[in-house]
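Q: Protein sequence lines correspond, in order, to chains V and D.
For the first sequence, counting from 1, position 273 maps to 273 in the numbering used here; every step adds exactly one.
For the second sequence, counting from 1, position 287 maps to 287 in the numbering used here; every step adds exactly one.
Bear in mind the hints are in silico, worked out from the structure with no lab data behind them.
Treat the hints with caution; some may be incorrect.
Unchecked claim - Sample of chain D residues at the chain V side, in silico, Cβ under 8 Å:
| # | residue |
| --- | --- |
| 1 | Pro91 |
| 2 | Val96 |
| 3 | Glu266 |
| 4 | Trp287 |
| 5 | Asp327 |
| 6 | Asp331 |
What the hints assert, rightly or not - Derived DSBU-like pairs (lysine-lysine); straight-line CA-CA distance at most 30 Å:
| # | chain 1 | residue 1 | chain 2 | residue 2 |
| --- | --- | --- | --- | --- |
| 7 | V | Lys302 | V | Lys85 |
| 8 | D | Lys84 | D | Lys181 |
| 9 | D | Lys100 | V | Lys85 |
| 10 | D | Lys145 | V | Lys271 |
| 11 | D | Lys84 | D | Lys306 |
| 12 | D | Lys306 | D | Lys181 |
Claimed, not checked - Label pairs and their in silico Cβ distance ranges:
| # | chain 1 | residue 1 | chain 2 | residue 2 | range |
| --- | --- | --- | --- | --- | --- |
| 13 | V | Pro167 | D | Arg81 | 40 to 46 Å |
| 14 | V | Arg120 | D | Arg274 | 51 to 57 Å |
| 15 | V | Pro218 | D | Leu272 | 47 to 53 Å |
| 16 | D | Glu265 | V | Ala224 | 37 to 43 Å |
| 17 | V | Pro111 | D | Glu303 | 41 to 47 Å |
| 18 | D | Ala210 | V | Arg147 | 52 to 58 Å |
C-beta: ideal position from N, C-alpha, C; glycine also.
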Amino acid sequence: MSAGVTDTGAGVTAAIVGPGNIGTDLLAKLQRSSVIDVRYMVGVVESDGLARAREAGLAASAEGVDWLLRQDPLPQLVFEATSAKAHEANAPRYAEAGIQAVDLTPAHLGPMVCPPVNLRDHIDSPNVSMITCGGQATIPMVHAVSRVTPVPYAEIIASIASRSAGPGTRANIDEFTHVTGQAVAEVGGAERGKAVIILNPVEPPMIMRDTVFCMIGPDADHGAIIRSVHEMVAQVQEYVPGYSLRADPQFDDPRQDWGGNARVALFLEVKGNGDYLPDYAGNLDIMTAAAARVGELMARAKLEVAR
Amino acid sequence: MRPALKHDVRIIDTTLRDGSHAMAHQFTETQVRDTVRALDAAGVEVIEVTHGDGLGGSSFNYGFSHTDEMTLIAAAREEARNAKIAVLLVPGIGTVEDLKRARDAGADMVRVATHCTEADVSPQHFAAARELGMETAGFLMMAHKTPPENLARQARIMVDAGCQAPYVTDSAGALLMHEAKARFEALVAEVGDEAWVGYHGHQNMSFGVANSVIAYEVGVRYIDGSLCALGAGSGNSPTEVLAAVFDRLDIETGLDVLGLLDAAEEVVRPYLNRWPKMDRNAIVQGWAGVYSSFLLHAERAGERYKVPAHEILRRCGELGYVGGQEDMIIDVAIQLAAEREQGGG
Numbered sequence: 001m002s003a004g005v006t007d008t009g010a011g012v013t014a015a016i017v018g019p020g021n022i023g024t025d026l027l028a029k030l031q032r033s034s035v036i037d038v039r040y041m042v043g044v045v046e047s048d049g050l051a052r053a054r055e056a057g058l059a060a061s062a063e064g065v066d067w068l069l070r071q072d073p074l075p076q077l078v079f080e081a082t083s084a085k086a087h088e089a090n091a092p093r094y095a096e097a098g099i100q101a102v103d104l105t106p107a108h109l110g111p112m113v114c115p116p117v118n119l120r121d122h123i124d125s126p127n128v129s130m131i132t133c134g135g136q137a138t139i140p141m142v143h144a145v146s147r148v149t150p151v152p153y154a155e156i157i158a159s160i161a162s163r164s165a166g167p168g169t170r171a172n173i174d175e176f177t178h179v180t181g182q183a184v185a186e187v188g189g190a191e192r193g194k195a196v197i198i199l200n201p202v203e204p205p206m207i208m209r210d211t212v213f214c215m216i217g218p219d220a221d222h223g224a225i226i227r228s229v230h231e232m233v234a235q236v237q238e239y240v241p242g243y244s245l246r247a248d249p250q251f252d253d254p255r256q257d258w259g260g261n262a263r264v265a266l267f268l269e270v271k272g273n274g275d276y277l278p279d280y281a282g283n284l285d286i287m288t289a290a291a292a293r294v295g296e297l298m299a300r301a302k303l304e305v306a307r
Numbered sequence: 001m002r003p004a005l006k007h008d009v010r011i012i013d014t015t016l017r018d019g020s021h022a023m024a025h026q027f028t029e030t031q032v033r034d035t036v037r038a039l040d041a042a043g044v045e046v047i048e049v050t051h052g053d054g055l056g057g058s059s060f061n062y063g064f065s066h067t068d069e070m071t072l073i074a075a076a077r078e079e080a081r082n083a084k085i086a087v088l089l090v091p092g093i094g095t096v097e098d099l100k101r102a103r104d105a106g107a108d109m110v111r112v113a114t115h116c117t118e119a120d121v122s123p124q125h126f127a128a129a130r131e132l133g134m135e136t137a138g139f140l141m142m143a144h145k146t147p148p149e150n151l152a153r154q155a156r157i158m159v160d161a162g163c164q165a166p167y168v169t170d171s172a173g174a175l176l177m178h179e180a181k182a183r184f185e186a187l188v189a190e191v192g193d194e195a196w197v198g199y200h201g202h203q204n205m206s207f208g209v210a211n212s213v214i215a216y217e218v219g220v221r222y223i224d225g226s227l228c229a230l231g232a233g234s235g236n237s238p239t240e241v242l243a244a245v246f247d248r249l250d251i252e253t254g255l256d257v258l259g260l261l262d263a264a265e266e267v268v269r270p271y272l273n274r275w276p277k278m279d280r281n282a283i284v285q286g287w288a289g290v291y292s293s294f295l296l297h298a299e300r301a302g303e304r305y306k307v308p309a310h311e312i313l314r315r316c317g318e319l320g321y322v323g324g325q326e327d328m329i330i331d332v333a334i335q336l337a338a339e340r341e342q343g344g345g
């Protein structure tokens, strides 16, 4: 896949809209890509984030998407790290301008993607949604189980450091539970999904933790599940090096109150890369890392087509 | 904005919600109907009925409900002639959608619960509750974890969002009398002109009733209890004891002491699998400041991974785990088992 793409500088042009902590961390990750050329950072007020972007050599403006759409060349890819409301307003304009959008907000206009699970199906989609932090952390594991044995129900619990939960997340915590639960089923491949999020204020801050419970049949092949889970962990580690299992998959025997089903439990830790965000904020890091991964693969696809 | 008090103090019974923890969420519709009838007849004004971890709590992580909580809420609503039916909602677990369904099932009041420093996840739910025409209260859980001034600031966030009664919620049964009093006073000073202040106690170190008396003395007007103390950890302040104690203090509760004694003895006690008690595990919870609902989960994990439950609970306290992180109990048990194996060479 990477053959034929070299550091010629002829990368796919990109913009980041939303120069906050997420946008800044994303910039650090995208600047390591050999196929993405981040040219623009866009905000709506002057900010430290715009100043940091200028220092990094980007053209940056506080005049919003109006400014971005006047640039020549237009970006081929835009990463939106603003708010759901802003993305709802901006998305049609990106589409009209032929700019492919990677949406890190909870707007969820395009298909929900998780890079190692279903990005291949949506690589050309004009707009993709990055789901939620908890979704990016847990859906690969639900998929790892559901691809080898039926999963009638999956449940995830995301624990994040209070300091890493911004005002937007706090004001709309129901959005997390709804969207993540839905994605656990639709993207992860469980028949039904449920999600829980817990904010923990302990100091020093706790590193993001995620637990995945999958209901499985009484005769499910444990060996196949273990192999599939470890393979998937390795795939996620390609873009989130701090993604790890705290323990081997834990199997519980069938129980009557589980409808005669058994259960496998997976305990994850997600340590961030510490690019711009602190490393305990694995929840934010996995969003920017997954978005960067999506951008990388979309860019490669564009370059392949161009060749 | 706060509702008028009918008596000197409003006792809210949570046998059918906090008690759900001690029952491993296995309440049947018959048990709920019988308990509501008895509480209602004894003059209890508010009866809380929900999965122990609140709406939507039925799960692998917290335990699946024997009977759907909406069925139980509707049954409670049918049985109660005078009492209001309350539900618990923990944002991050339950949602506004769950609240709407509970309202449709007949819930009159919601208590929105957050960790004591995270009140700003609750405004969405208070706003929805007020729109649905429900009475509101707010739980600041694990209240021992933050100083009184900060707890008061968190109560302010809830009240500004539409909460009629923020609570000092001693989820770990950890508050000593002077610590509880300082928190009651801080909340009364901050919001006492516009909202009622509440107290929810656990008996892990036996202070539930004593702290309730102190609470009343400094202006707290909503106080929680459970028949037979049925609740997480060593259980809650027993409703029947609260009624008897306040009667002796000539503080009017509107409760029929004998009726509650009968309810505890004849309705609740026969269905108890376990009578919450101050055993080693529960005392450790109060001592180390651990969320009371962790008790049964720690016992199960202890059995599964062959490590003592009280060690699991102490470790949970050291690591600062909060309500809702029941999954971490399994993680801790696995780690402790691994440490033992290494230690044993």
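Q: If a hint holds in the structure, say so; if it does not, say that too.
A: Consistency of the hints with the structure:
1. Pro91: Since the shortest Cβ distance to chain V is 5 Å, the answer is holds.
2. Val96: Given a least distance of 6 Å, the restraint on Val96 (chain D) holds.
3. Glu266: violated (28 Å)
4. Trp287: At about 18 Å, which exceeds the 8 Å cut-off, the nearest Cβ of chain V leaves the hint on Trp287 (chain D) violated.
5. Asp327: Check passed: Cβ of Asp327 (chain D) comes within 4 Å of chain V, closer than 8 Å.
6. Asp331: holds (5 Å)
7. V:Lys302 - V:Lys85: Since the Cα atoms of Lys302 (chain V) and Lys85 (chain V) sit roughly 29 Å apart, the hinted pair holds (cutoff 30 Å).
8. D:Lys84 - D:Lys181: holds (28 Å)
9. D:Lys100 - V:Lys85: holds (24 Å)
10. D:Lys145 - V:Lys271: This hinted pair holds, its Cα atoms lying about 26 Å apart.
11. D:Lys84 - D:Lys306: Status violated; Cα separation ~44 Å.
12. D:Lys306 - D:Lys181: Roughly 40 Å separates the two Cα atoms, so the pair is violated.
13. V:Pro167 - D:Arg81: 40 to 46 Å: Cβ of Pro167 (chain V) to Cβ of Arg81 (chain D): about 44 Å, so the range 40 to 46 Å holds.
14. V:Arg120 - D:Arg274: 51 to 57 Å: holds (52 Å)
15. V:Pro218 - D:Leu272: 47 to 53 Å: violated (32 Å)
16. D:Glu265 - V:Ala224: 37 to 43 Å: violated (54 Å)
17. V:Pro111 - D:Glu303: 41 to 47 Å: Since the Cβ atoms of Pro111 (chain V) and Glu303 (chain D) sit about 44 Å apart, the hinted range of 41 to 47 Å holds.
18. D:Ala210 - V:Arg147: 52 to 58 Å: holds (57 Å)
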